Amino acid sequence: MFPPAPLLAGKVANDFNGDGKSDLLLQNTGSGVIWQYQLNGTAISGGGSVAGPGIDWKVAGTGDYNGDGKSDLLLRNDTTGVLWQYQLNGTAISGGGSVAGPGTDWKVAGSGDYNGDGKSDILLRSDSTGALWQYQMNGTAIAGGGSVAGPGTDWKVAGNGDYNGDGKSDILLRSDSTGMLWQYQLNGTTISGSAGVTNPGTDWKVVGDGDYNGDGKSDILLRNDSTGMLWEYQMNRGTRPPPPGAPGGGRTRGGPG
13 MFPPAPLLAG KVANDFNGDG KSDLLLQNTG SGVIWQYQLN GTAISGGGSV AGPGIDWKVA
73 GTGDYNGDGK SDLLLRNDTT GVLWQYQLNG TAISGGGSVA GPGTDWKVAG SGDYNGDGKS
133 DILLRSDSTG ALWQYQMNGT AIAGGGSVAG PGTDWKVAGN GDYNGDGKSD ILLRSDSTGM
193 LWQYQLNGTT ISGSAGVTNP GTDWKVVGDG DYNGDGKSDI LLRNDSTGML WEYQMNRGTR
253 PPPPGAPGGG RTRGGPG
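Each residue of the sequence shown is one higher than the one before, starting from 13 at the first, in our numbering.
Derived by calculation from the structure, the hints in this document are not laboratory data. This structure is a prediction, so every number in the text was calculated from the model and none was measured. Glycine residues also receive a C-beta, built at the ideal position from the N, C-alpha and C atoms. Keep in mind that the hints are not guaranteed to be accurate.
Quick list of simulated restraints, FRET-style, between CB atoms [stated by the list, open to error]:
(1) G213 with T41: 28 to 36 Å
(2) N199 with I67: 19 to 27 Å
(3) L242 with G81: 24 to 32 Å
(4) N150 with Y49: 25 to 33 Å
(5) S61 with A112: 24 to 32 Å
(6) G109 with G81: 17 to 25 Å
(7) G53 with S204: 31 to 39 Å
Sequences are here, hints too, so could you generate the full structure?
Below is the structure:
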């Protein structure tokens, strides 16, 4: 439906009511209605209908775009490519509006705090070129940003976690042709570090990232398409060996441009 939200430094992903716990968001593919479950462990403690924007509008991302401590929604119109934001207080829409109209070639590839200002930003990717572009957000206003990189169409954004623990979100790329994982460490739109992570092969897909061991750095969760096995990489800047049975080597070769 939409990619999992990355964990921002000091924040909980998908916390729509600000209680410090992640919530669930659903969108009905037939009607476009958006629904929220507010959670306390496995118990549903609240929630309800959020909005009914119609079937042309899809949830493209979540993040705290205005810095109020609650996660907001980013929608994208399939027909026009226009981006729209709902600022949330629980299930209530407390603000928002139009963000930008980058066109249909540009898709939302992630949300993260790339410049470390405490507000989520938006990462776009061009389908035709693979170019990456960033909107640095202050509510619905684009406060900065620009071109990040042009890794090419073979490389897709697979994650947006803070892998080195510097308080800024980074970009994890995956090569469709080889399965290789590559990381851009960011300071705003500037790539402050670039390196291969590992090459697990094409059977392994990234299914999530988060701080699974509580060390303040985002980790990477992989799933094997053939076996269903889950594998975790706990990250500390450097490279990692591939999972059992995956081809080794090539961790720092053949990266994006």
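key: Unsatisfied constraints (hint numbers, rising)   = 2
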